[in-house]
Amino acid sequence: MTHAAVSPNWPARIALALAALVALTLAVALAVTVGEMAIPLPVALRALGNGLFGLDLPVGAIQQGVIFDYRLSRALMAALCGGALAISGAILQALLRNPLAEPYLLGVSAGASTGAVCVMILGFGGATLGLSGGAFLGSVAALALVALLAAGAGGSSDRVILAGVAGSQLFNAATATIVTTLASAEQARGVMFWLLGNFGGVRWPDLWVATPVALIGFLICMINAKALDAFAFGVDAAASLGIAVARVRLVLLATTALLTATMVAIVGTIGFVGLVIPHAARFLVGPGHARLLPACLVIGGIFMILADILSRILVPQQILPIGIVTALFGAPAFALILYRARRSS
Amino acid sequence: MTDAVTLAAHDVRWEADGRMIIDGVTLAAEPNRILGLIGPNGSGKSSLLRLLCRLRKVASGVVTLDGADIAGLPRRDLARRLAFVEQQATTDVHLTVCDVVRLGRTPHRSAFASWNAADEQAVEAALTRVGLAERHHQPWHTLSGGERQRVHIARALAQDPRELILDEPTNHLDIRHQLSILALIRRLGLTCIVALHDLNLASLFCDRIGVLHEGRLVACGAPAKVLTPELIRRVFEVEVRICEGTGGHRHVEYVVDHQQGDSR
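As you go down the protein sequences, you meet chains A and B in turn.
When the letters of the first sequence are read in order and numbered with this note's numbering, they come out as residues 1 to 345.
When the letters of the second sequence are read in order and numbered with this note's numbering, they come out as residues 1001 to 1264.
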């Protein structure tokens, strides 16, 4: 086994990468064909050809719109979002040396909800800011507060976590206060729905923002993959291995914060993925981050696409919030993984 | 001058929370020799070691490596030259022996460099030197305390250092493992600075001993010169007799008055 490591097994790696790509494509294809309106696969493929390559194949206008503008953009967004959240979780678990760390730990989702509520109910920013803009600003505000708190408390891992918990509680309380005192029943329902995550509003312009953020974020994380491995025995051990600990921590915390804030602003808070996918990926590919992070991207992406499909078809005539589906199906799946890992060790 | 060729501290001070922890320490390692640091709990041994490998920044004074201030060295360059073994460092990550030792190659590899033959050879050699060549794939959490310490030393060796700093490497080990770890460190032939608690082990395995007391270096030299009843009484507040043990090593015998139940 050690010899395999000496000369990296390129054919195997390429095969694995291709398999991942095929799996992702299949998941997207499934997401594009499955839905309330039954559209046969050939029609779906023609619609994709028209949309992606500017072809002029015969497809009904409504079917073209549903496939390309609604389902494809939604599926791609789900993939990006799942991947970004899973990577963020993996990074935070390594940096803070805590298996319970997850992307919303730094107060991002709580801040986003407060920002969204300010726009939705208090009418801040009017039409110019929009829900996503408000959520993003809220995330950044919460992050800044948590960062200040953590730095003031000494900046060690447990202080970051405590500061995150305190910041989240504060912003969640602010959200609850606004909703309970000022919102109508209809608005409260809307907020509730948004908080649990929703891909329904995703259109192509959202992807023009989310795609570069996710790819650049992923690249930054990959550059630091070896540094992340060195954090296994703590900050001093990492520093004595030549890692510029303060810089790496700052860059990676900022990257995960940006990734998470962008996703939360576009699709709301989707729990569970960022916490659990990194653990599932670790069972599959081991703890080394050079393999773990790509695995998180792919597994997180596929998981989220499948969860989104389920959220659309589970209850007829109704779309379940995606956050409910990820937890409802993710938790038992993870329990199974934990159980099997226990038996094999 | 010996401090021009390896690691040395010059009038180094460091404080935490307004309290002076290291107060003007000057000492130099000798190439390929073992310098032991002894002193009571809280005397500043761990802090001094962390200053020497730049895990903490000195408040004043300088630490030099081959005569150059280490504050000016890139962290990676420093890590290829000097390795640090912490006291009881552990992890919850599911790593194997090999994974841990491979971490030692971190300063030798750039961000996207793949694992090469030199890396593999360094890891194999390090594992062989600590006697764990057959244990590559054993999970970290199944190792005993002594084995873990050996893996940490192997990880440090994989860094390919000339200076090795160890913070109480024998802590919490039974006597057999204490002796075998220290014998291993001696066999390495590197320039070592090692903090120790046991005065007799320090006398047996160190070429020189530095004694820390309340953040100051109160003595430094050959064990036979440093380990005197007067100094030990002053620093550790215990009564001892010093006898000559096998091989001419000083042996510290504790004088305990069982009537009082107190060594004083």
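There's no promise every hint is true.
Here are some of the chain B residues that sit facing chain A, going by a computed Cβ distance under 8 Å [to be verified]:
| # | residue |
| --- | --- |
| 1 | L1055 |
| 2 | A1059 |
| 3 | R1075 |
| 4 | V1093 |
| 5 | L1095 |
| 6 | A1111 |
| 7 | E1237 |
Label pairs and their calculated CB-CB ranges [what the hints assert, rightly or not]:
| # | chain 1 | residue 1 | chain 2 | residue 2 | range |
| --- | --- | --- | --- | --- | --- |
| 8 | B | P1139 | A | L18 | 55 to 65 Å |
| 9 | A | A17 | B | A1183 | 44 to 54 Å |
| 10 | A | T177 | B | P1139 | 25 to 35 Å |
| 11 | B | D1077 | A | D69 | 51 to 61 Å |
| 12 | B | A1059 | A | R159 | 18 to 28 Å |
| 13 | B | A1068 | A | L336 | 32 to 42 Å |
| 14 | B | K1057 | A | R159 | 47 to 57 Å |
| 15 | B | P1031 | A | F283 | 45 to 55 Å |
| 16 | B | Q1259 | A | Q169 | 36 to 46 Å |
| 17 | B | D1207 | A | R247 | 46 to 56 Å |
| 18 | A | L21 | B | A1183 | 52 to 62 Å |
| 19 | B | D1077 | A | R340 | 38 to 48 Å |
| 20 | B | G1131 | A | L336 | 35 to 45 Å |
Over 10 Å on every C-beta distance to chain B, these chain A residues come out as not near it, computed from the model [to be verified]:
| # | residue |
| --- | --- |
| 21 | L18 |
| 22 | A38 |
| 23 | P58 |
| 24 | L122 |
| 25 | T180 |
| 26 | E186 |
| 27 | M192 |
| 28 | I223 |
| 29 | A230 |
| 30 | R282 |
| 31 | R291 |
Worth flagging that the hints you see were computed from the coordinates, not collected in a lab.
Glycine included, each C-beta is placed from N, C-alpha and C at the ideal position.
Taking 47 to 57 Å as the stated bounds, is the beta-carbon spacing between K1057(B) and R159(A) within them?
For K1057(B) and R159(A) the Cβ distance comes to about 20 Å; the hint is violated.
Verify that the Cβ of A230(A) lies farther than 10 Å from every Cβ atom of chain B, and report whether the claim holds or is violated.
5 Å, violated
Are all beta-carbon distances from I223(A) to chain B longer than 10 Å?
5 Å, violated
If we take the beta carbon of R282(A), is the closest beta carbon in chain B still more than 10 Å away?
R282(A) is in fact no farther than 10 Å from some Cβ atom of chain B, at 7 Å.
Has the hinted range 25 to 35 Å been met by the Cβ atoms of T177(A) and P1139(B)?
49 Å, violated
Taking the Cβ atom of D1207(B) and the Cβ atom of R247(A), is their distance within the range 46 to 56 Å?
Once the Cβ atoms are compared, 38 Å apart, the range 46 to 56 Å for R247(A) and D1207(B) is violated.
Whether the CB-CB distance between D1077(B) and R340(A) falls inside 38 to 48 Å
45 Å, holds
Take a quick look at A38(A) and tell me if its Cβ sits farther than 10 Å from every Cβ on chain B, holds or violated.
Per Cβ check, A38(A) is outside 10 Å of chain B; nearest 45 Å; holds.
Range hint 55 to 65 Å (beta carbons of P1139(B) and L18(A)) holds or violated
With a Cβ separation near 31 Å, P1139(B) and L18(A) fall outside 55 to 65 Å, so the hint is violated.
Beyond 10 Å from every chain B Cβ - status for L122(A):
43 Å, holds
Would the least Cβ to Cβ distance between R291(A) and chain B come out above 10 Å?
The assertion about R291(A) holds, with a minimum of 12 Å to chain B.
Taking 18 to 28 Å as the stated bounds, is the beta-carbon spacing between A1059(B) and R159(A) within them?
The hinted range 18 to 28 Å holds for A1059(B) and R159(A), with Cβ atoms some 23 Å apart.
In summary, the numbered hints that this structure violates are 2, 7, 8, 10, 13, 14, 16, 17, 28, 29, 30.
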